[in-house]
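Student: Can you build the whole structure from these sequences, using the hints too?
Line by line, the protein sequences give chains S and Z. In terms of our numbering, the first sequence opens at residue 4 and continues consecutively. In terms of our numbering, the second sequence opens at residue 4 and continues consecutively.
There may be inaccurate statements among the hints.
In this list, chains with the same sequence are indistinguishable; a pair is considered to hold if it fits within one copy or across any two.
[Unchecked claim] Each computed SDA-like pair below joins lysine to any residue, with the alpha-carbon atoms no more than 20 angstroms apart: (1) K187 <-> L263; (2) K190 <-> P201; (3) K204 <-> Q257; (4) K29 <-> V61; (5) K204 <-> K256; (6) K188 <-> I214; (7) K204 <-> G110; (8) K204 <-> E189.
What the hints contain is simulated information worked out from the structure, not anything from laboratory work.
There are 2 protein chains.
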Amino acid sequence: MAEFSRIAVLGVGVLGSQIAYHTAFKGYDVVAYDVDDDAVGRARARLETLAERYEQEVAGAGIGARGAVGRIELTSDVARAVSEADLVIEAAPEQLSVKRRLFSAVGEMAPPRTVFATNTSAIPPSALMDSTGRPDRFLALHFSNLVWRHNIAEVMGTARTAPEVYASVVAFAASIGMVPIELKKEKPGYVLNSLLMPLLKAAGELLTDDIADPATVDDVWRIGTGADYGPFEMLDIVGLTTAHHIASHGDAKQREFARLIKERYLDKGRTGVETGEGFHTYPR
Amino acid sequence: MAEFSRIAVLGVGVLGSQIAYHTAFKGYDVVAYDVDDDAVGRARARLETLAERYEQEVAGAGIGARGAVGRIELTSDVARAVSEADLVIEAAPEQLSVKRRLFSAVGEMAPPRTVFATNTSAIPPSALMDSTGRPDRFLALHFSNLVWRHNIAEVMGTARTAPEVYASVVAFAASIGMVPIELKKEKPGYVLNSLLMPLLKAAGELLTDDIADPATVDDVWRIGTGADYGPFEMLDIVGLTTAHHIASHGDAKQREFARLIKERYLDKGRTGVETGEGFHTYPR
Chain S
4 MAEFSRIAVL GVGVLGSQIA YHTAFKGYDV VAYDVDDDAV GRARARLETL
54 AERYEQEVAG AGIGARGAVG RIELTSDVAR AVSEADLVIE AAPEQLSVKR
104 RLFSAVGEMA PPRTVFATNT SAIPPSALMD STGRPDRFLA LHFSNLVWRH
154 NIAEVMGTAR TAPEVYASVV AFAASIGMVP IELKKEKPGY VLNSLLMPLL
204 KAAGELLTDD IADPATVDDV WRIGTGADYG PFEMLDIVGL TTAHHIASHG
254 DAKQREFARL IKERYLDKGR TGVETGEGFH TYPR
Chain Z
4 MAEFSRIAVL GVGVLGSQIA YHTAFKGYDV VAYDVDDDAV GRARARLETL
54 AERYEQEVAG AGIGARGAVG RIELTSDVAR AVSEADLVIE AAPEQLSVKR
104 RLFSAVGEMA PPRTVFATNT SAIPPSALMD STGRPDRFLA LHFSNLVWRH
154 NIAEVMGTAR TAPEVYASVV AFAASIGMVP IELKKEKPGY VLNSLLMPLL
204 KAAGELLTDD IADPATVDDV WRIGTGADYG PFEMLDIVGL TTAHHIASHG
254 DAKQREFARL IKERYLDKGR TGVETGEGFH TYPR
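Tutor: Written as structure tokens, this is what we have:
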């Protein structure tokens, strides 16, 4: 089983910054890449914010929370980011062409030993594997938002992922305090979204059918199951633009839900938690 | 809005005993009916067990937990149970003919002012309303297992329920510490099961498609959403006999899940939490 010590994270957006920060917080050397100086500047701000959150929210984080930022090298030079990496975790925008181009480039630049992982949500890793030039050393490693709290890492190989590579990534996930979620085969949406999507769909139907309002539905779910968030709160966190996009590609009921989201919320500038107004008003 | 002081609970099984006990614990006079002396004896044991659980699990329950049992009159005489009741909550077995016969009888015995509520899970209240002889004073009031913890009460009227009756039952639910969940119209499964069923269905598919095992799926759900239980733990609590029954009436994927439940679990005597063996082994 490979042992990793130097980790490259490609793309330092919302989740990429969490992956980079958390991995450094757990003691690894991290190089984080984003496309240009502006993006790198935003990445730096994200990492500082994460250090503050860890200080406040993660028991025993203490002084280590600031120290972690110091173990992350930020760069807009992708070759530099991957040239000595043992593991590359790609967290680039969710577009097939972007991810394929990126893997194609780093496939040339990284040492042959380097393992490649994609954090993709929607693109099956089998649609990316040939672009890496090393399908046997490639798989999906999928984190959930607020990695320090929802500490699961879904590990999903393709038919061509080598078993020892899969095992090494499972071990890496465990080493940074994640509960490794081992998928036996490729599945769109992994486990978490395979469970969440039907729940969110059912919640949308309760609203479009005028059975109950969002606050009522969320009360039921939180109190009835103990979950942190009800389905409409989850949609507010995801953002209603994304929720609308997904629903508009669904069945007739879902498209009705998409229209409702657009008319009652998006057209009024209510896009969810980010604007403070979605199905609910924030902070709650 | 009606004010209730005397409550009759018809059927003192798992949920009926919780409804009766909790209502008495909150200060109401309760008469609890079950069919014969044996059933009444079992009901008494259930109430004593609940008093112990409240002492241990409900903050500040203290001596009041035992006192509540004293405010519950147990009887196998249904006329006696309802003759002075302001509100009758039916929690009889989930069979249409049983419930209709019961409502038909108590419709004759109870004062005209008495409001009738059914705790039915699967039978729409509109299928019961005419049997009560007072459809305007009848609705569904649906509790969740472990009422002191999952303190939601779904209130669902029919097209014929009088608005003031609906409001009085909402107020009653709030007065016993429930969060009243107001459904605007009749919906099979209410809100909670409308959300839970698609989740449990998706979990079943992850298992039948051999994507991940039950422990993995449950880890994802608990950690990823903060819920108390993963979907397979929920099925173990419901009981695999019931889970099998429901799945065997579903689509092709669900029927495949039903076969899996039968072959891997039921045929080996693993029926869930009650036998200590289901998808998981208990106590966990």
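Student: All hints are to be evaluated individually against the structure, with a verdict given for each.
Tutor: Hint-by-hint comparison with the structure:
| no. | hint | verdict |
| --- | --- | --- |
| 1 | K187 <-> L263 | between (38 angstroms within a copy, 18 angstroms between copies) |
| 2 | K190 <-> P201 | both (15 angstroms within a copy, 18 angstroms between copies) |
| 3 | K204 <-> Q257 | both (7 angstroms within a copy, 18 angstroms between copies) |
| 4 | K29 <-> V61 | within (12 angstroms within a copy, 39 angstroms between copies) |
| 5 | K204 <-> K256 | both (9 angstroms within a copy, 19 angstroms between copies) |
| 6 | K188 <-> I214 | between (38 angstroms within a copy, 6 angstroms between copies) |
| 7 | K204 <-> G110 | neither (38 angstroms within a copy, 40 angstroms between copies) |
| 8 | K204 <-> E189 | between (22 angstroms within a copy, 19 angstroms between copies) |
Of the numbered hints listed earlier, the single one contradicted by the structure is hint 7.
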